[in-house]
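Colleague: Sequence:
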Amino acid sequence: MSPSDFLDKLMGRTSGYDARIRPNFKGPPVNVSCNIFINSFGSIAETTMDYRVNIFLRQQWNDPRLAYSEYPDDSLDLDPSMLDSIWKPDLFFANEKGAHFHEVTTDNKLLRIFKNGNVLYSIR
Numbered sequence: 000m001s002p003s004d005f006l007d008k009l010m011g012r013t014s015g016y017d018a019r020i021r022p023n024f025k026g027p028p029v030n031v032s033c034n035i036f037i038n039s040f041g042s043i044a045e046t047t048m049d050y051r052v053n054i055f056l057r058q059q060w061n062d063p064r065l066a067y068s069e070y071p072d073d074s075l076d077l078d079p080s081m082l083d084s085i086w087k088p089d090l091f092f093a094n095e096k097g098a099h100f101h102e103v104t105t106d107n108k109l110l111r112i113f114k115n116g117n118v119l120y121s122i123r
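Numbering (numbering that gives the first Met the number 0), first residue to last: 0 to 123.
Please note: incorrect hints may appear among the correct ones.
[What the hints assert, rightly or not] Calculated lysine-lysine pairs in the PhoX-like style (CA-CA distance at most 20 Å, straight line):
hint, residue 1, residue 2
1, Lys114, Lys87
2, Lys25, Lys87
3, Lys114, Lys8
4, Lys108, Lys87
Hints were generated in silico from the structure; no laboratory data involved.
Computed from a prediction, not measured in an experiment: that's the story for all the values here.
Turn these sequences into a full structure, and let the hints guide you.
Modeller: What follows is the structure in structure tokens.
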């Protein structure tokens, strides 16, 4: 089975997967692990207390609907265009004044799904 055929089976229209519904719907909350790697921290403007920070933000959670055994690879690295096809946690930074994603030369995003349904989402 090709990777495209497998992804269609796992997440396609006929799979029953709905990205609008969180994993374990009506069950316990989804535990999301987050970590931040600080690439750079700019100077602080003393008058406004503004500063710039460049980070990698990694989130991990388990979505049992994405667990698989029919494909030989232990994990699948998906194109960032697939991000709209899966459920993602609603993460925000309280009191942030502005933010943007790093997009030089392409979006700096990684989406990896593991056999047990674990999802790794990394952005810069």
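Colleague: So, for every hint listed, does it hold in this structure?
Modeller: Hint by hint, here is what the structure shows:
Only pairs whose Cα atoms come within 20 Å are accepted, and Lys114 paired with Lys87 is accepted, the gap being roughly 18 Å. With a C-alpha separation of about 17 Å, the suggested pair Lys25 and Lys87 falls inside the 20 Å cut-off, and the hint holds. Under the criterion of a C-alpha separation no larger than 20 Å, the hint pairing Lys114 with Lys8 is consistent with the structure, at around 14 Å. Pair hint Lys108 plus Lys87 holds up; C-alpha atoms about 13 Å apart against a cutoff of 20 Å.
Of the numbered hints listed earlier, not one is contradicted by the structure.
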